[in-house]
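Participant: Chain by chain, the residues run as shown.
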Amino acid sequence: MTSAPAFPIYPHRHLLGIKDLSPGDIELLLDRAEKAVAISRQPEKKTSTLRGRTQINLFYESSTRTQSSFELAGKRLGADVMNMSVASSSVKKGETLIDTAMTLNAMRPDILIIRHSSAGAAALLAQKVGCAVVNAGDGAHEHPTQALLDALTIRRAKGRIGRLTVAICGDILHSRVARSNIILLNALGAAVRVVAPSTLLPSGIRDMGVTVYNSMAEGLKGVDVVMMLRLQRERMAGAMVPSVREYFRYFGLDSEKLKAANDGALVMHPGPMNRGVEIASEIADGPQSVIQEQVEMGVAVRMAVMEALLDPRRDPEGRA
Amino acid sequence: MRTPAVGTTVFENARVVDPSRGLDERGTVIVVDGVIAAAGASAANQGMPEGATVIDCRGRAVMPGLVDGRVFIGEPGGEHRETIASASAAAAAGGVTSLVMMPDTNPIIDEVSLVEFVLRTARDTAMINIHPAAAVTRHLEGQELTEFGLMREAGAVAFTDGRNSIRSPLVMRRALTYARDFGAVVANETQDADLAGAGVMNEGLFASWLGLPGIPREAEAIPLERDLLLARLTGSAYHAAKISTSLSAGAIARAKNDGAKVTAGISINHLSLNENDVGEYRTFFRLSPPLRAEDDRLAMVEAVRDGTIDIIVSSHDPQDVDTKRLPFADAADGAIGLETLLGAALRLHHNGDVPLLRLVELLSTAPARLFGLPGGTLKPGSPADLILVDLDEPWVVREADIRSRSKNTCFEGARLQGRVLQTLVAGRTIFTAA
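Those sequence lines, one after another, are chains A and B. Our numbering applies: residue 1 is where the first sequence begins, and numbers increase by one. Our numbering applies: residue 1 is where the second sequence begins, and numbers increase by one.
Check before you lean on any hint, since a few could be wrong.
Partial chain A-side listing against chain B, Cβ under 10 Å, derived [unchecked claim]:
#1 L97
#2 D138
#3 G276
Hints were generated in silico from the structure; no laboratory data involved. For clarity, every value in this text was computed on a predicted model and none was experimentally measured. C-beta: ideal position from N, C-alpha, C; glycine also.
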């Protein structure tokens with residue numbers, strides 16, 4: 001062990017969703033992530049916290065960004081990292097999630113990172129394996145490490161999360177990022193708005209702890225943070241919105257719309273961006289953008305999560 | 001029809017429940033050679049028949065065996081999920097003495113030879129009465145009509161595309177018109193495929209938090225309204241097979257009020273459970289139509305009470321781990337229900353929602369009448385398809401006790417009150433509780 005950890009023991013076995021976390025759990029992970037940021041900024045980035053531990057990344061949806069972020073996080077902690085990219089494996093050939101889980105479980109990993117297109121897939125996997133499971137995005141359900149990295153980015157830039165006003169803009173309906181963020185930001189006392197055309201809002205959105213706006217001018221008025229969401233290509237042409245140009249006209253973030261927000265409001269995006277669809281390049285690359293910081297915080301948050309889940313004080317054998 | 005038993009059996013000191021005659025009274029039921037000779041308070045007036053086997057019911061209920069109007073079975077083609085024999089054993093334990101089997105098999109019941117196959121297999125392997133429903137359209141594809149006349153003659157009791165909702169209004173109109181000539185009822189589970197889209201559970205806040213695409217209530221009501229207009233137009237017998245929302249109940253009530261020959265069914269699941277039972281992606285609660293909000297469940301109970309809904313079915317749909325042990329959105333719809341139908345339905349009696357006589361009517365007498373089946377009555381001269389029930393006995397549903405080949409019950413661990421003690425088909429005892 002490099003240093004005696006001063007953090008309280010994290011009380012959960014898995015990270016499946018923000019919904020399962022108390023405000024204290026969230027703060028603990030953010031505090032741990034601060035330490036990981038420092039490690040990542042040292043010339044010598046490798047630690048031995050997870051030396052000898054095995055991490056498997058099981059990605060049913062390809063995601064270069066999230067997968068490499070988890071991979072790097074594991075490597076910086078000294079874990080052995082294996083990537084199972086599903087596009088090139090038997091999983092594509094009809095093996096069920098459970099069968100794959102059982103197979104991987106037999107290899108005795110310490111932590112499984114899963115990304116899957118079906119909501120609830122991470123929870124299903126967690127029921128069947130003996131190791132810690134981290135949800136790296138399940139359908140339109142949750143993406144907890146994204147919400148945590150967003151929170152860390154905001155907290156570092158603004159010094160707090162409570163009493164801030166955050167607008168989440170775009171495809172709320174299909175977005176796991178939006179759901180995780182709505183839960184987390186509410187838990188830490190922020191006021192949450194959603195701004196979107198009604199076709200991209202889920203049923204019952206008004207009871208989800210947010211204020212709903214259908215206009216950027218109104219929705220961004222006086223906000224401290226503007227969080228843009230990616231609009232999937234297949235949803236652009238006629239299905240959910242009539243066209244890219246109409247979407248950008250009303251819901252794309254440009255300098256004109258951003259003026260409604262508070263001075264110094266943060267601009268965030270979980271990536272990958274569609275420049276000219278949900279966000280103008282001048283904004284994405286502009287002074288208010290913290291999109292690059294989000295990427296950096298992503299690695300730190302994932303280090304924090306894995307360290308917390310594999311805390312040796314909780315589970316000296318390394319397995320539950 | 002099953003071979004009748006020989007001999008005389010007398011059920012005395014029974015609570016005789018016979019909705020076909022409005023009876024719910026202390027009395028006796030006498031069965032002679034597989035046929036009901038007498039049932040009711042005055043049945044024992046002519047004295048006890050000689051050489052009879054006498055069963056003292058000690059106040060327990062004797063009622064017509066249940067007639068389950070909507071049951072999916074895996075045979076032919078999916079015998080690992082359920083066979084006609086295993087469904088029959090499950091039915092017997094649940095007090096179901098007749099069932100209508102859906103045509104969603106492989107091959108599909110869309111021609112005479114398949115109707116005959118089912119009846120032959122049932123004769124050879126089943127203890128209860130199995131009545132096939134045949135497909136409305138060939139291959140359940142919603143395009144070409146099947147041979148209603150020939151299949152009806154062969155023994156098909158109704159026409160339905162099973163899990164598939166008939167999409168084309170033109171096909172539905174022709175099916176209704178043609179079925180009228182043969183006195184056949186056309187049953188449809190209505191769900192608009194476009195509006196339901198990729199939906200896998202009831203649309204609403206609960207689905208939104210789970211990140212699951214929802215199915216709006218209107219996806220059921222819109223094609224139902226269409227069907228009801230066509231039933232008015234054609235004057236044919238139309239059965240809304242499984243309704244689940246107050247919108248649908250309102251539509252049925254209006255059509256009945258207009259004099260249309262329409263009836264409606266509901267699965268016991270939609271009277272017992274709501275969308276919250278899905279919990280954390282529990283796939284056994286993935287049903288079609290989806291479990292709805294509590295408001296709708298209450299509206300359905302009211303529709304049962306006020307006569308809008310005519311029959312209660314199990315919608316027994318065996319699925320195995322291959323189709324259920326998957327992420328929620330990838331899993332199959334359906335739950336088994338033959339063994340829990342009565343116990344779950346009796347909750348409505350015990351909590352005062354629906355009187356016992358009305359409940360038994362919906363579970364037995366009304367479906368028998370609707371599909372033109374013998375049974376569903378204790379009238380003298382009827383086949384002795386009956387059950388002895390302890391209405392109050394509590395029991396817990398355990399997977400280990402399930403007789404069905406598939407274990408996908410919505411009632412695992414549920415405490416039910418009311419248990420079948422004995423089941424008779426044509427006077428023959430086919431099930432006795434341990």
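Participant: Now, for every hint given, state plainly whether the structure supports it.
Facilitator: We went through each hint and held it up to the structure:
At its closest, the beta carbon of A/L97 sits 6 Å from a beta carbon of chain B; the interface hint therefore holds under the 10 Å criterion. Look at A/D138: its Cβ gets to within about 7 Å of chain B, closer than 10 Å, so that hint holds up. Against a cut-off of 10 Å between C-beta atoms, the interface hint on A/G276 is violated, since the closest Cβ of chain B lies about 28 Å away.
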